[in-house]
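Order-wise, the sequence lines are chains A and B. Following the numbering used here, the numbering of the first sequence begins with 1 at its first residue and continues without gaps. Following the numbering used here, the numbering of the second sequence begins with 1 at its first residue and continues without gaps.
Source of the hints: derived by calculation from the structure; they are not laboratory data. All figures in this text were calculated on a predicted structure; none of them were measured in a lab. One should not assume that every hint holds.
The calculated lysine to aspartate or glutamate pairs, modelled on DMTMM-like cross-linking and capped at a C-alpha distance of 20 Å, are [stated by the list, open to error]:
1. B:K32 / B:E111
2. B:K18 / A:D539
3. B:K18 / A:D402
4. B:K102 / A:E554
5. B:K110 / B:D31
Distance ranges between label pairs, derived from CB positions [what the hints assert, rightly or not]:
6. B:E106 / A:Y359: 52 to 62 Å
7. A:P205 / B:S78: 34 to 44 Å
8. B:R93 / A:A215: 20 to 30 Å
9. A:F530 / B:S27: 58 to 68 Å
10. B:R33 / A:K398: 51 to 61 Å
11. B:V52 / A:Q502: 49 to 59 Å
12. A:S457 / B:Q24: 12 to 22 Å
13. B:F42 / A:P205: 43 to 53 Å
14. B:H10 / A:F530: 27 to 37 Å
15. B:E106 / A:V555: 25 to 35 Å
16. A:V42 / B:N107: 44 to 54 Å
Glycine is no exception: its CB is placed at the ideal position from the N, C-alpha and C atoms.
As a plain string of letters, each chain reads:
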Amino acid sequence: MNAALVMFCFFVGITLVITWWASARTTTSKGFYAAHREIGGVQNGWAVAGDYMSAASFLGITGLIAFYGFDGFMYSVGFLVAYLTVLFLVAEPLRNVGKYTMADLISFRLHGKGVRAIAAISTLVVALFYMIAQMVGAGSLVDLLLPSASYTMAIVVVGALMIIYVMFGGMLATTWVQIIKAALLLAGAVAITIMVLAHYSFSLPQLFTAAANVAGPGGTTTDLLRSGLLYAGQHGALNLLSLGLALVLGTAGLPHILMRFYTVPTARAARTSVAWAMVLIGIFYLTTMFMGLGAATLVGKADIGTHVKDAPAIAYISRQPAAMQPVLNAELKTKQYIVPTQNNNMAAPLLANYLGGAYFMAFIAAVAFATILAVVAGLTISASSAFAHDIWWNIVRKGKGDEREQLRVARATAALVGVVAILLSIGLRTLNVAFLVGLAFAVAASANVPVIVLSLSWRRFNKVGAIAGMVTGLVSSLGIIAISPAIMGIDPAGSATHHFIQMAPLFPLDNPGLLSIPLGFIGAILGTFFSRDAQAEADFDQLLVRANTGMGAEV
Amino acid sequence: MKASGVEHHHLTPDDWTKVANEPQFRSLISDKRRFIIPATIFFLAYFLALPVLVGFVPATMERAVWGPVTVANIFALSQFAMAWILLALYLWRARGYDVTEKTVTENVRKEFTAP
Chain A
1 MNAALVMFCF FVGITLVITW WASARTTTSK GFYAAHREIG GVQNGWAVAG
51 DYMSAASFLG ITGLIAFYGF DGFMYSVGFL VAYLTVLFLV AEPLRNVGKY
101 TMADLISFRL HGKGVRAIAA ISTLVVALFY MIAQMVGAGS LVDLLLPSAS
151 YTMAIVVVGA LMIIYVMFGG MLATTWVQII KAALLLAGAV AITIMVLAHY
201 SFSLPQLFTA AANVAGPGGT TTDLLRSGLL YAGQHGALNL LSLGLALVLG
251 TAGLPHILMR FYTVPTARAA RTSVAWAMVL IGIFYLTTMF MGLGAATLVG
301 KADIGTHVKD APAIAYISRQ PAAMQPVLNA ELKTKQYIVP TQNNNMAAPL
351 LANYLGGAYF MAFIAAVAFA TILAVVAGLT ISASSAFAHD IWWNIVRKGK
401 GDEREQLRVA RATAALVGVV AILLSIGLRT LNVAFLVGLA FAVAASANVP
451 VIVLSLSWRR FNKVGAIAGM VTGLVSSLGI IAISPAIMGI DPAGSATHHF
501 IQMAPLFPLD NPGLLSIPLG FIGAILGTFF SRDAQAEADF DQLLVRANTG
551 MGAEV
Chain B
1 MKASGVEHHH LTPDDWTKVA NEPQFRSLIS DKRRFIIPAT IFFLAYFLAL
51 PVLVGFVPAT MERAVWGPVT VANIFALSQF AMAWILLALY LWRARGYDVT
101 EKTVTENVRK EFTAP
């Protein structure tokens, strides 16, 4: 049996024991959504870090740095700096005035079904996009790391486990799964970093000199310390800026991160969580630099591009011109794999193999799976809370009904969200979903963050403004992505990429943030001036006192 | 902060307004704003300067200053230091907020739980 599979099963075994332990303690909706608000600040800091250090970060960014050097590292920088937005503007007030969801904070003084419904929809959109990107990634990774498993099987296993964690163990199990995985991931990343440094006799100049002279095909060399390898050309600078803006503001609007702050007893503990998370996340993203440069200099770009079989191969063949397809299908049949493209997701596991051998690689691969599993569990619980707490409990049932019903609905929606995510991920297997993560950040930054910030800081802000801001942010980020190069483009014959709309893109940038974030703010501000809500303005004093002192906070 | 055993739900809108206008509370809010607003503007500017400078003045940013290490590389790494320093400063300032906040909460408890 495959060593990675054994280690992964070991992780799953431990997490199932935790889920069993947590399920006996999850008897109320407060237990289900917020782990009874009894998680310590430090523990929650590890869990926040775990929620954030996704497989996309670990495998994706390491790969981007291995291939594109400095431009890939820009993601790492943005992901850490983003936590200052969470620290200064969101974490403590959210804990003080909310109950379980983002919508709780926004509808604190902006009452009514409309505000809550749109906040819940926006939460669901962000959570589902993020989840599908992670799950499709998981399915493709299985093909690379565990050749005996199939794409569909991987999705179903990941999906089933996340449903079990969330349905039975609620937030308590999800939190501890996240903490364990964060510790494993950080340990793995730090171990690889130390091995890379040891290889260069702990001399940074040696490592950087090697990174500046990476040998490529045909005797060429690449300088990975230079910018412009990924974001070049006419719109390179604006692309970087748009991405940076979405990353740095979007994090404060990600539902699975926001929800974490309800699991601690006080706003001070929420602050401690962010502090620990920033230290852990900072260390992790620094290691991505060493892992990426290590992979580029020690493993080499040619070897990172790897054999692809099954789902990615079928996906690749389906995108080829009709004349090519029989040839490729025959190749797949005889060789069991094809080598369509360089896949940089394998940089970290292959580096681990080079430095520490097969068992170390198996450990890293198992950690990558554990990461996907833990992150999708966190997303499932946040999506289920938007459904069950915001839409069902507050809008449909108007806050009436007993505790048992609340818990039952919460569990049922967790299962529903999980099944929908499994089906969508299987349905979308042949599509390139890489842009979904960037889109999730852009929607969070454009639809959620302006309304969160304005409702906490602007007395005049009202319902019409909140609805206008969220709708503008949501529609503009989705609309702009639909006319951007992610969806629109003319594929030359034989190209490995496939666009949904075969037309020149109307919006030149990959990420809509640069336009949609200001639109979200403008929508919220203009909408506000269309009406006046004396009650909301009067309630601002109460919000201000409660957000800043924690008086009357949910306990 | 825990609600220190006080049930605040019975406070009327006027009560909240009264608390919001108390000098102790006003000074808590202005203390917080005095730090958070400039710090937010600063970190956004410092972070966005990275893509802007790399994108628009690549010649300056690509200058190698330490072996092959460029100005842009050092600026990118300095963002980690910037984030951690601002975190430390905030944690240090927040100890003061916690003290003021406790006084405010105490006053409210005395004022609104009179027999």
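*Between S457 (chain A) and Q24 (chain B), does the C-beta distance stay in 12 to 22 Å?*
Because 20 Å falls inside the window, the suggested range holds.
_Range hint 52 to 62 Å (beta carbons of E106 (chain B) and Y359 (chain A)) holds or violated_ = This hint holds: roughly 59 Å between Cβ atoms.
*Assess, step by step, whether the Cα of K18 (chain B) is no farther than 20 Å from the Cα of D539 (chain A), and give holds or violated.*
12 Å, holds
_Holds or violated: the 51 to 61 Å window for the beta-carbon distance between R33 (chain B) and K398 (chain A)?_
With Cβ atoms ~37 Å apart, the hint is violated.
*Proposed proximity, E111 (chain B) with K32 (chain B) (alpha carbon, max 20 Å)*: Roughly 24 Å separates the two Cα atoms, so the pair is violated.
_Looking only at beta-carbon atoms, does the pair H10 (chain B), F530 (chain A) fall within the given range of 27 to 37 Å?_
35 Å, holds
*asked:* Can you tell me whether the CB distance of V42 (chain A) to N107 (chain B) sits inside 44 to 54 Å?
replied: For V42 (chain A) and N107 (chain B) the Cβ distance comes to about 31 Å; the hint is violated.
*Taken at face value, is the distance from the CA of D31 (chain B) to the CA of K110 (chain B) at most 20 Å?*
24 Å, violated
*asked:* Just to be sure I understand the hint, the distance between the Cβ atoms of V52 (chain B) and Q502 (chain A) should be within 49 to 59 Å; is that true here?
replied: Because 33 Å falls outside the window, the suggested range is violated.
*Is the distance from the Cβ of F42 (chain B) to the Cβ of P205 (chain A) consistent with 43 to 53 Å?*
About 32 Å separates the Cβ atoms of F42 (chain B) and P205 (chain A), which means 43 to 53 Å is violated.
*Take a look at whether the Cβ-Cβ distance between P205 (chain A) and S78 (chain B) falls inside 34 to 44 Å.*
With Cβ atoms ~19 Å apart, the hint is violated.
*Under the criterion that the straight-line Cα-Cα distance not exceed 20 Å, is the pair K102 (chain B), E554 (chain A) satisfied?*
18 Å, holds
Hints 1, 3, 5, 7, 8, 9, 10, 11, 13, 15, 16 from the earlier list are contradicted by this structure; the remaining hints agree with it.
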